[in-house]
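Below are the chains, spelled out letter by letter.
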Amino acid sequence: MKRGSPTRQRLAALALLGIPLLTFPVLGLPQGELAGMPATVLYLFGVWGGLIVLAASIAERRKK
Amino acid sequence: MMLSGWFIALLSTAYVGLLFAVARFGDARADAGRSIITANVYALSLAVYCTSWTFFGSVGRATSGGLSFLTIYLGPTLMLLCVGVIIKMIRIAKAQRITSIADFIASRYGKSQLLAGLVTIIAVIGIVPYIALQLKAVAASLDVLFDQPGHTIRLWGIDSTLLVAGVLALFTILFGTRHLDATERHEGMVAAVALESVVKLVAFIAVGVFVTYGMYGGFADLFQRASVHPELAGLLKLDGARAGTWAAMILLSALAIVFLPRQFQVMVVENVDESHLKRAVWLFPLYLLLINIFVLPVALGGLLHFGGQGVNPDTFVLTLPLSQGAESLALLVFIGGLSAATGMVIVETIALSTMICNDLAMPALLRSPWLQRQKQGDLSGLLIGIRRVAIVLILLLGYIYFKAAGEAYALVGIGLISFAAVAQFAPALFGGMYWKQGTRAGALAGLLAGFGVWLYTLLLPSFAKSGWIGNGFVEHGLFGVEWLRAQALFGLSGLDEISHCLWWSMLANIGAYIAVSLLTEPDALEAGQAERFVDVFRHAQQAPDTRLWRGNASQTELATLLERFLGPVRARQQLGSYARSRRVSDWRSLPADAEFVHFAETELAGAIGSASARAMVSSVTREEDLGLEEVLDILDEATQVRAHSRELEAKQQALEAATAELREANERLRELDRMKDDFISTVTHELRTPLTSIRALSEMLYDDPKVELDQRRRFLGIIVSETERLTRLINQILDMAKLESGRAEWTTGEVRVGEVVREASEALGALYREKGVRLNLDIAEGLPAVLADRDRLMQVVVNLLSNAVKFVAPLTGTVAVVVARAENMLRVSVADNGPGLTAEECGVIFEKFRQGGNTMTDKPQGTGLGLPISRQIVEYFGGKLWVESTPGNGATFIFTVPLTQAAPDA
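Quick mapping for you: the protein sequence lines, in order, are chains B and E. The numbering of the first sequence is my numbering, which starts it at 194 and goes up by one. The numbering of the second sequence is my numbering, which starts it at 195 and goes up by one.
Don't read these hints as lab results, they were simulated from the structure. The beta-carbon is built from N, C-alpha and C at its ideal position, and this holds for glycine as well. One should not assume that every hint holds.
Cβ-Cβ distance ranges computed for the label pairs, FRET-style [what the hints assert, rightly or not]: (1) E:L686 to B:A206: 33 to 41 angstroms; (2) B:E226 to E:G502: 22 to 30 angstroms; (3) E:L590 to B:E226: 46 to 54 angstroms; (4) B:L209 to E:P978: 51 to 59 angstroms.
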């Protein structure tokens, strides 16, 4: 059998990481304000942006 | 109002003209074989996902639901990360010439026309509200620009929304149905959609920056002002009680990004290169993130600014700039909104019209007596005609829905109804890709069950809400039965209507799909297709299995079929290239075998969908029914053959690796053999030199008894010293042989190197004094002991010291020995002020039988084995021995012994 592509597996793992981070109950954890911004807003955009950055670094990695 | 109607019309026309130019350019480049669809264009074209819903509706949604508008964009982000699923879909679509999502599902379940028709009907009914949403948004934005309430703008007595629908239909026809393409690809359209994506993003960010930084003092300022109002502050918090809704929305949007007909079109059908997905996997989510950053600020800004004035929150992006007199920004926003709407409508209606034409109109036509009579005519024109009519019909339906139910819902509410409809494709489609046992009957049952629940719990209530039909079934249940209330089915309450529908429809859909699949048997064609879909990665490398078709066919009849549906020019082109691929100059000389039939069917599938293509081909061929058993046998056999060939391949690789290893070992052996021969010949030569002189002198003494005593004494002295040299040589050769073979005996213990050096210098003291050479010792204090063999180490030091004294000049010669610590090694250097060595000599001095000095003229001063033996010993202790020298400045021999590391076991 051919082994699955590592890039695809890493991205899928990232999706599996994203699901709990972007749903309740973890989503209920950030409370209050941070630097004048609602913590929930910062958390959502932060996790979202983080997933995108990680996905980009995995997908655009050059093969040796 | 300052903005005049003709100016807006002119601007819109100019913008659409630009889109046409881009589309033309894209098509021309595609025809020339130089596609302009790059990874970035592909990723941007996926952003056709962001429609008027996103552009106008998100802000509206945020004013009531707070952060929940984000779920619609988080789902697609997560779905795109599952690249493997999407790549598999693309592979299947390419292998099967899939043209739409209906085609995909129908093709998997035995190219069923019934299934294709059902999927098409669900898609059309499901998407109509979504089209209505776009019409509503464009009409509403026109109302705002002209400052007219309630869509009252009329042109030549026609309702403005109908006018918008008509213009959009015209665009779509011009964009998408100019010619009938074999693969249903529209590269020009994709390029135009990508451009639109950029325009709407720029427009939205512009208005976001305007509101956030122009009207207010940035994000923090807006959030601070909002937190003063309790009802606004609530929008910034997440309600843990709505956790279920939150998750349901993410799931719904994750499914929508794949199953909306337009998304399937751009993501799967229009994909030109799988590797483009690598860019899309992050660039498209990034796009979504950017277009959403300013949604909340605009919503809060609008609520703060218009508080209590009854301005529709869905139009905040327009009304806010207008309230500040920023008319050019409002125009940019209008163009952005127009982009969002036209992009969606064009791609969606093209995808739907393809499905209607291939999967609803074609099956009807094939059965009609009219087509039976028209045996010879070219039908490609008819196909385009059907698609154009379908486009007009879809927009008309959208308009009717808008009139009937549009006013009762906000934009996002309408869109979610469509999302829930297309989510019904998920079980049949994912099941079909990964589960071979899924059958046609199961897919039909699942789709019908899910669609039925959706109709009853979501679409009909939306009609009821607008007063179009009675709302008794929502309020009191069908026939007054309490547990049949449409939005609290079986008493399930506490969910919002979308989650409620999603839960019940998925339960019915998945349940029916699995249950019926397990209770029914697939027919032969289904089993074959199931194999090709589920194992697409394994089937991709080899030619299609033509053994799955058996029967009689005539190639002229098949060719006529192709000409009728593809047009004569294109049909001849395809036949020609197919003939060339089989190395024949004329296709007429090809046999009408299974492969030819397969080729014809695939070509047709590109034009009219797999189900219709299948029906057309079987109408002109006499196919033998293979039967399920036989098909399964063939597939099973094929699987076994593949497994065997893989095994064989693995064995062959192992064999090759073993052969290479053996060859390498043989090479090494030969090298060793050659080295041994060299060694023996050198040794023999070295032994012969002293032997020759001993023999010559002994013969002289033997032959001539009258040799004088002095002479005799001198001869005997030479004989004795030569014998000593011979003994030394033999001892050292034995020593060397022992070291090299690893049979040398080592007694390892703690050794103080300083002591060893001192002892060696004392032993050689007589030799140094005799020649008048000075020996300086510099031994650092407090050096730790090393693990080594004391006698062997002594041998090394003595060898180096006696070498040094040999090469320095008498009386002026100096030899300096330094013992010091260098990191975790002990370093001993022996420096002399002799003639030194050239770089070349430094390299070879450690080879066996190399003598220092010129061996041709000077009498050899040693055996040539001392240094190689020393090096072997030092390396055995884990250290190194080397020489540093420049000619004329003496030579320094240095060796190191590791401090901490214990010597290896002997």
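Results for each hint:
1. E:L686 to B:A206: 33 to 41 angstroms: Holds - the Cβ-Cβ distance for L686 (chain E) and A206 (chain B), about 35 angstroms, lies within 33 to 41 angstroms.
2. B:E226 to E:G502: 22 to 30 angstroms: The hint (22 to 30 angstroms, Cβ to Cβ) holds, given that E226 (chain B) and G502 (chain E) are roughly 26 angstroms apart.
3. E:L590 to B:E226: 46 to 54 angstroms: holds (51 angstroms)
4. B:L209 to E:P978: 51 to 59 angstroms: Holds, since L209 (chain B) and P978 (chain E) (Cβ atoms, about 54 angstroms apart) stay within the stated range.
When the structure is compared with the earlier hints, no violation turns up for any of them.
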